[in-house]
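4 protein chains.
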Amino acid sequence: MTERPLRADARRNRERVLAAAQEAFAAEGISVPLDEIARRAGVGAGTVYRHFPTKEALFAAAIVDRVDRMTGRAREGLAGADPGAAFFAFLRQMDSGGGVKRDLADALGPQGAHTYEGPTRELQAAIGELLSRAQRAGAVRPDIGIDDLLSILKGFFIAVHMDGMDSARRERTFAVILDGLRI
Amino acid sequence: MTERPLRADARRNRERVLAAAQEAFAAEGISVPLDEIARRAGVGAGTVYRHFPTKEALFAAAIVDRVDRMTGRAREGLAGADPGAAFFAFLRQMDSGGGVKRDLADALGPQGAHTYEGPTRELQAAIGELLSRAQRAGAVRPDIGIDDLLSILKGFFIAVHMDGMDSARRERTFAVILDGLRI
Amino acid sequence: MTERPLRADARRNRERVLAAAQEAFAAEGISVPLDEIARRAGVGAGTVYRHFPTKEALFAAAIVDRVDRMTGRAREGLAGADPGAAFFAFLRQMDSGGGVKRDLADALGPQGAHTYEGPTRELQAAIGELLSRAQRAGAVRPDIGIDDLLSILKGFFIAVHMDGMDSARRERTFAVILDGLRI
Amino acid sequence: MTERPLRADARRNRERVLAAAQEAFAAEGISVPLDEIARRAGVGAGTVYRHFPTKEALFAAAIVDRVDRMTGRAREGLAGADPGAAFFAFLRQMDSGGGVKRDLADALGPQGAHTYEGPTRELQAAIGELLSRAQRAGAVRPDIGIDDLLSILKGFFIAVHMDGMDSARRERTFAVILDGLRI
DNA sequence: CATGAATGAGGCTTCATTCAT
DNA sequence: AATGAATGAAGCCTCATTCAT
Numbered sequence: 001m002t003e004r005p006l007r008a009d010a011r012r013n014r015e016r017v018l019a020a021a022q023e024a025f026a027a028e029g030i031s032v033p034l035d036e037i038a039r040r041a042g043v044g045a046g047t048v049y050r051h052f053p054t055k056e057a058l059f060a061a062a063i064v065d066r067v068d069r070m071t072g073r074a075r076e077g078l079a080g081a082d083p084g085a086a087f088f089a090f091l092r093q094m095d096s097g098g099g100v101k102r103d104l105a106d107a108l109g110p111q112g113a114h115t116y117e118g119p120t121r122e123l124q125a126a127i128g129e130l131l132s133r134a135q136r137a138g139a140v141r142p143d144i145g146i147d148d149l150l151s152i153l154k155g156f157f158i159a160v161h162m163d164g165m166d167s168a169r170r171e172r173t174f175a176v177i178l179d180g181l182r183i
Numbered sequence: 001m002t003e004r005p006l007r008a009d010a011r012r013n014r015e016r017v018l019a020a021a022q023e024a025f026a027a028e029g030i031s032v033p034l035d036e037i038a039r040r041a042g043v044g045a046g047t048v049y050r051h052f053p054t055k056e057a058l059f060a061a062a063i064v065d066r067v068d069r070m071t072g073r074a075r076e077g078l079a080g081a082d083p084g085a086a087f088f089a090f091l092r093q094m095d096s097g098g099g100v101k102r103d104l105a106d107a108l109g110p111q112g113a114h115t116y117e118g119p120t121r122e123l124q125a126a127i128g129e130l131l132s133r134a135q136r137a138g139a140v141r142p143d144i145g146i147d148d149l150l151s152i153l154k155g156f157f158i159a160v161h162m163d164g165m166d167s168a169r170r171e172r173t174f175a176v177i178l179d180g181l182r183i
Numbered sequence: 001m002t003e004r005p006l007r008a009d010a011r012r013n014r015e016r017v018l019a020a021a022q023e024a025f026a027a028e029g030i031s032v033p034l035d036e037i038a039r040r041a042g043v044g045a046g047t048v049y050r051h052f053p054t055k056e057a058l059f060a061a062a063i064v065d066r067v068d069r070m071t072g073r074a075r076e077g078l079a080g081a082d083p084g085a086a087f088f089a090f091l092r093q094m095d096s097g098g099g100v101k102r103d104l105a106d107a108l109g110p111q112g113a114h115t116y117e118g119p120t121r122e123l124q125a126a127i128g129e130l131l132s133r134a135q136r137a138g139a140v141r142p143d144i145g146i147d148d149l150l151s152i153l154k155g156f157f158i159a160v161h162m163d164g165m166d167s168a169r170r171e172r173t174f175a176v177i178l179d180g181l182r183i
Numbered sequence: 001m002t003e004r005p006l007r008a009d010a011r012r013n014r015e016r017v018l019a020a021a022q023e024a025f026a027a028e029g030i031s032v033p034l035d036e037i038a039r040r041a042g043v044g045a046g047t048v049y050r051h052f053p054t055k056e057a058l059f060a061a062a063i064v065d066r067v068d069r070m071t072g073r074a075r076e077g078l079a080g081a082d083p084g085a086a087f088f089a090f091l092r093q094m095d096s097g098g099g100v101k102r103d104l105a106d107a108l109g110p111q112g113a114h115t116y117e118g119p120t121r122e123l124q125a126a127i128g129e130l131l132s133r134a135q136r137a138g139a140v141r142p143d144i145g146i147d148d149l150l151s152i153l154k155g156f157f158i159a160v161h162m163d164g165m166d167s168a169r170r171e172r173t174f175a176v177i178l179d180g181l182r183i
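As they're listed, the protein sequences go chains A, B, C and D.
With the working numbering applied, the first sequence corresponds to residues 1 to 183, in that order.
With the working numbering applied, the second sequence corresponds to residues 1 to 183, in that order.
With the working numbering applied, the third sequence corresponds to residues 1 to 183, in that order.
With the working numbering applied, the fourth sequence corresponds to residues 1 to 183, in that order.
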């Protein structure tokens, strides 16, 4: 409620840190040293900690932004008329829009981290809704669940990043998955 | 060629180290401490370094070994009669046989380390042969190349590891990919 | 003397900082972060530094204040009629009144910081007077000096804090010291 | 059982680290930086961690040694004939023998650390036995328990250290406590 | 040759102090 | 004058690699 707006310089720094973190995490995953992020943002390490209490929190914040944007897009899809088209359009733009990179792999790692479960869950819910609507409409195979879908996507996007695929290869490769999802 | 043959005990140690490394890397990825591998192999850390100049080299050697084994299986498939069946059988055993785990994900990271390019190429060639035979036989979609296939598999195996999928989920998820590969 | 009088708001801030520091130091010792004190005082960290050049100086000032208050109590005791009763009453209220906590332990550490030597000396003098009057009155053993007494008290209060003694244990334990002081 | 003896150089280093730790902790308490201890021992920080997994463990080891020696002395006292004499003799030698310094204060801090509870408990038990035997023999006041005694001793020894008391003052001051303990 | 002990750089985090707003 | 953001030096700990035994 009473969150007072940050001072101009503080907000600028916070944004620079977040931007640097997003870029670095997207490129190399959570293993990027925090000092490296601070250096890229042009601030001291202490400044990073002023805005984000732990490295994990910074990572979460970097992800949340990305995740929230994706959630927004998924919900736009839910407003549309054709469930199957909305589902596949969303998946395509996740790829082409650069929505997922190396960072989300770490974010959704082994046990499912805690801090960013909220936003991640919202995204999952939105995609899950897209999925089940498409399944009910007979556009997507009915034998998979949202977890399965997310795993598949995750693996694909990691591979995209690891192999540095250009858009042509990405499209060709993603087509395999999309076709596998169809009935 | 000019490699002087190792003494019996030295060779035994080398093999124990390699076996321990394979097991450890497969289970936890490249982040396993080298001391842990030495401990599992029942040797000192120095012994590991006698046989492998760096941890990276050990990792590469462990991968090469696995890759070589997979290459052998792929070639067995090439000897069979039904190209489509051989192709899908090979893919299935890669998964179910635990042929690729977390380690290969690390191994085929960003730049593609040079040390194990040779063996990887051989495996690629073997799988590529399986693929193109299956494509010529009309069992697999013709619009993808070996690189695309490998990327897809890589992504899948990474997801398997990251999400700790049980065999039920693995099967369900892999089915999407296999079906996507069919015509 | 040449201290220009502070503006009203500045003086109020100084006092709030001092009060917060006393409370915080008493509760947790010198290890309380300065930011925490500033927060409790409802001011910025910079304001603390406007009034006290270093954390050490703030700590000293906080101690001085407490010490001065204790000195006042000791002098009240000196005004009384029964030297022995006054002596033991003062000691008891040091304990029960919570006059000394973790902070004084830190304050009187190894080298005895110089800043608060003056006020400490005044307190020592007052307690010393209480002591020697009680000794002359035959109520306290004659073979100890004020330094000895202060050391004993210091050790006791530290133990009270470290062990988190409740009042029952504190009383039982303090009785040993009080009885040891009697003839 | 099968604890193999350490290599000569390792044992020497372990002992140097332990000695440095004991000296440093005794002098300044647990707050001494671990790097400082490593430096004093003439080893790298990593070497300290080879022998002691955490700073707390090193601290515990430093204390344990000291505590075990004290326990041994207490048990010698239990073998004697005169309970009162044994009790007071033990307390005196704790002081004069330099058995307790700044470090034990930290060791027996607030909640009672866990790692060294075993040895500390043994010492407590031994002193407790000395105490209750002396109480049954009518040599020590019956209204205090072992915890009270330990708190008193702890506070005293801390004060001894903080004030840098020479043996004359120490004796004079300790007499107050010893006399307070007598009936 | 093998061992495993030692090294030391580097990672995360805290906090006294300074300084732009 | 006040604010609170930024700094950067430590502090604890891990682990790849080297080296004495």
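Check before you lean on any hint, since a few could be wrong.
Since the list gives no way to pick out one identical chain from another, each pair is judged satisfied if it fits inside one copy or across any two copies.
[To be verified] DMTMM-like, lysine to aspartate or glutamate: derived pairs with alpha carbons at most 25 Å apart: (1) Lys55 to Asp179; (2) Lys55 to Glu129; (3) Lys55 to Glu28; (4) Lys55 to Glu15; (5) Lys55 to Asp143; (6) Lys55 to Asp166; (7) Lys55 to Glu171; (8) Lys55 to Asp82; (9) Lys55 to Glu23; (10) Lys55 to Asp35; (11) Lys55 to Asp65; (12) Lys55 to Glu76; (13) Lys55 to Glu36.
Simulated from the structure, these hints should not be mistaken for laboratory data.
How the hints compare with the structure:
Within a single copy, Lys55 and Asp179 get their C-alpha atoms no closer than 39 Å, and across copies no closer than 40 Å, so neither meets the 25 Å cut-off. In this homomeric assembly, Lys55 and Glu129 never come within 25 Å of each other (Cα to Cα): the closest approach is 32 Å inside a single copy and 46 Å across copies. For the homomeric pair Lys55 and Glu28, the shortest alpha-carbon distances inside one copy (14 Å) and between copies (20 Å) are both at most 25 Å. In the homo-oligomer, the alpha carbons of Lys55 and Glu15 lie at most 25 Å apart inside one protomer (15 Å), although the nearest pairing across protomers, at 32 Å, exceeds that limit.
Within a single copy, Lys55 and Asp143 get their C-alpha atoms no closer than 38 Å, and across copies no closer than 43 Å, so neither meets the 25 Å cut-off. Taking CA atoms no more than 25 Å apart as the test, Lys55 paired with Asp166 passes in neither setting, with 30 Å inside one copy and 31 Å between copies. For the identical chains of this complex, Lys55 and Glu171 are neighbours neither inside a copy (34 Å) nor across copies (35 Å), given an alpha-carbon limit of 25 Å. Proximity of Lys55 to Asp82 under the C-alpha cut-off of 25 Å is found in neither arrangement, the shortest distances being 41 Å within a copy and 53 Å between copies.
Proximity of Lys55 and Glu23 under a CA criterion of 25 Å is satisfied intra-copy only: 15 Å inside one chain copy versus 28 Å between copies. Taking identical chains as interchangeable, the C-alpha atoms of Lys55 and Asp35 lie at most 25 Å apart whether they share a chain (10 Å) or sit on different chains (21 Å). In this homomeric assembly, Lys55 and Asp65 come within 25 Å of each other (Cα to Cα) only inside a single copy, at 15 Å, whereas the closest approach across copies is 37 Å. Proximity of Lys55 and Glu76 under a CA criterion of 25 Å is satisfied in neither setting, with 32 Å inside one chain copy and 48 Å between copies.
In the homo-oligomer, the alpha carbons of Lys55 and Glu36 lie at most 25 Å apart both inside one protomer (12 Å) and across protomers (22 Å), since each shortest distance falls under that limit.
Consistency with the previously given hints fails for numbers 1, 2, 5, 6, 7, 8 and 12, ordered from lowest to highest.
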